[in-house]
Amino acid sequence: MSLIQTIVTAGSQATVSFTVSSAYKNLRLVWTARGTAVAGSVNMGVQFNGDSGSNYDYTIWTAGGATPQFAQTLGLFVSIPAASASSNMAAAGQAVIPSYARTVFQKNLFSYSNRNVNTLVAPEVYQGVVGWRSTAAITSLVLSLDSGNFLNGSVFSLYGI
Amino acid sequence: MTPFQAMRLRSTSGVSTINETLIQSTTTSSSATSVTFSTIPGTYKALRLIWSTRQATGAADATLRLQFNGDTGSNYDSNRWNRFGNTNSANGTSASLGSITASNAPSNASTGGELVVPYYASTTFYKAGESIVANQFDQSSIGVIQESTAIVWHSTAAITQIVLTMSNGVAFVDGSGFDLYGMNPS
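For the record, the sequence lines run as chains A and B.
Residue 73 in the working numbering sits at position 73 of the first sequence, and the numbers go up by one each step.
Residue 278 in the working numbering sits at position 117 of the second sequence, and the numbers go up by one each step.
Next comes chain A alone, as it looks inside the complex:
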């Protein structure tokens, strides 16, 4: 497993961007993050290769259930604490993108993470999956939120495996 890049957010970043080569079999993304929006939590998603079209299907599954979404412009896969959450709480998790450089199939991402927004409530497990309607090899990932920016100091590491 090789570290491709670690990004620590600064300057109220709205996005986190990675460029990847085809040198690996699979990708693993690891994060510890929190948002700035005035809300208890926000959702984080991904776009591949600069594709902002309606080409993303996703489902975020937690104890509260799951509602699949179709043909979205952002592939959401995890919920993270935001400005109204208890101080210093962040979500930690990781995602795998299998066969990101192979061009036979559309691409999948699956993730597992924890989220804790309130010191009086136990942490929750979040499992998210994204389908990207493209067989293209993935050469870039851009992470963003459905509201607000990343809190400075959020950390993202991308590995090639």
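Label pairs and their computed distance ranges (CB to CB):
(1) Lys-206/B / Ala-71/A: 39 to 45 Å
(2) Gly-330/B / Ala-71/A: 29 to 35 Å
(3) Pro-267/B / Ala-137/A: 15 to 21 Å
(4) Ser-147/A / Thr-284/B: 50 to 56 Å
(5) Ser-190/B / Ala-71/A: 29 to 35 Å
(6) Asp-146/A / Ser-283/B: 43 to 49 Å
(7) Ser-140/A / Ala-251/B: 44 to 50 Å
(8) Gly-203/B / Thr-103/A: 33 to 39 Å
(9) Thr-285/B / Asp-146/A: 45 to 51 Å
(10) Val-121/A / Asn-240/B: 23 to 29 Å
(11) Ser-87/A / Thr-285/B: 41 to 47 Å
(12) Ser-12/A / Asn-230/B: 51 to 57 Å
Calculated from the structure, these hints are not laboratory results.
The structure presented is a predicted model; accordingly, all values stated were derived computationally and were not measured.
Where is the CB? At the ideal position from N, CA and C, for every residue including glycine.
On the provided structure of chain A, position chain B as indicated by the hints.
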């Protein structure tokens, strides 16, 4: 969060570092109906298998199945769950690793997944593992299905071989990828 998920998080969260070494990578061809990893060395603490595949001809909810060390006996337990519920299988002849996109799904849709088997070379306990998959079932109704599966093999033997098949016996779409890694703490 299960112990396996915690292990996965620890592996890359900075608490400790895990080195992952590619043992073998297979890209299927000629309508293969099975994928075999043989002569797996016992030099790692854990195994991780990552796949991207689809049924070549099946139209039903088939699952990826696994057998260790050529054991075809009734020695496998599986518990697969997703947002629709869970499916238990005790004393089966193989273990389920989750559902696989059917041939009538949208073109090129697929399933990606991974399995982690801690201490696969230890001979103290029965072997246990956990898998997670993203199955592009369709793009209009069910959507992308997330599944987790816990498996147990009733054997204390060190794992030296893995054989993967589809539960309905159909072939993997040519170009399916299966990558086996060994993991050790650095």
